[in-house]
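Please put together the full structure from these sequences, using the hints given.
Going by numbering that gives the first Met the number 0, the letters in the sequence shown line up with residues 0 to 50, in that order.
Be careful, since some hints might not be right.
Quick list of simulated restraints, FRET-style, between CB atoms [stated by the list, open to error]:
{"id": "1", "residue 1": "Gln-49", "residue 2": "Thr-14", "range": "25 to 31 Å"}
{"id": "2", "residue 1": "Arg-5", "residue 2": "Ser-25", "range": "27 to 33 Å"}
{"id": "3", "residue 1": "Leu-50", "residue 2": "Thr-14", "range": "25 to 31 Å"}
{"id": "4", "residue 1": "His-31", "residue 2": "Arg-9", "range": "17 to 23 Å"}
{"id": "5", "residue 1": "Pro-22", "residue 2": "Lys-42", "range": "27 to 33 Å"}
{"id": "6", "residue 1": "Lys-1", "residue 2": "Glu-38", "range": "26 to 32 Å"}
{"id": "7", "residue 1": "Arg-37", "residue 2": "Val-17", "range": "16 to 22 Å"}
{"id": "8", "residue 1": "Val-44", "residue 2": "Thr-14", "range": "14 to 20 Å"}
{"id": "9", "residue 1": "Gln-45", "residue 2": "Leu-2", "range": "25 to 31 Å"}
{"id": "10", "residue 1": "His-47", "residue 2": "Ala-15", "range": "16 to 22 Å"}
{"id": "11", "residue 1": "Gln-49", "residue 2": "Pro-22", "range": "26 to 32 Å"}
Hints in this document: simulated from the structure, not taken from any laboratory.
Model, not experiment: these values are computed from the prediction.
Every residue, glycine too, gets a C-beta built ideally from N, C-alpha and C.
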Amino acid sequence: MKLEVRSGLRKINFTAVVRNIGPDGSGVEFVHMRDEDREKLRKLVQRHLQL
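Right, here's the structure in full:
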């Protein structure tokens, strides 16, 4: 599936495959992401881990 995550004015686009579905949530595998989107996602996750 093609997805877009928005963080403020930033958009992160990627293609993912659902690998796990359960009562506690779902897991996806990122199968395609541009380098610049990968860097945006890395920074977003890093900010949230520091909270």
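Practice prompt. Look at the Cβ atoms of His-31 and Arg-9 and judge whether their distance stays inside 17 to 23 Å.
Written response: 18 Å, holds
Discussion item. Tell me if the beta carbons of Arg-5 and Ser-25 are separated by a distance inside 27 to 33 Å.
Written reply: 19 Å, violated
Item to complete: Given the range 26 to 32 Å, decide if the beta-carbon distance of Gln-49 to Pro-22 lies inside it.
Response: Once the Cβ atoms are compared, 29 Å apart, the range 26 to 32 Å for Pro-22 and Gln-49 holds.
Discussion item. A range of 16 to 22 Å was offered for this pair. Does it hold for the Cβ distance of His-47 and Ala-15?
Written reply: Hint holds: Cβ distance 18 Å, inside 16 to 22 Å.
Worksheet item: For the pair Leu-50 and Thr-14, does the Cβ-Cβ distance stay inside 25 to 31 Å?
Response: Holds: the Cβ-Cβ distance is about 28 Å, inside 25 to 31 Å.
Practice prompt. Kindly confirm whether 26 to 32 Å is satisfied by the beta carbon distance between Lys-1 and Glu-38.
Written response: Given range 26 to 32 Å: violated, Cβ gap about 19 Å.
Discussion item. Please check whether Val-44 and Thr-14 have a Cβ separation lying inside 14 to 20 Å.
Written reply: Given range 14 to 20 Å: holds, Cβ gap about 18 Å.
Practice prompt. Look at the Cβ atoms of Pro-22 and Lys-42 and judge whether their distance stays inside 27 to 33 Å.
Written response: 31 Å, holds
Item to complete: State, for the Cβ atoms of Gln-49 and Thr-14, whether the hinted interval 25 to 31 Å holds or is violated.
Response: 28 Å, holds
Worksheet item: Is 16 to 22 Å a correct range for the gap between the Cβ atoms of Arg-37 and Val-17?
Response: 20 Å, holds
Worksheet item: Is it true that Gln-45 and Leu-2 lie within 25 to 31 Å of each other by Cβ?
Response: 20 Å Cβ-Cβ, so the 25 to 31 Å window is violated.
In this structure, the hints that do not hold are numbers 2, 6 and 9, in rising order.
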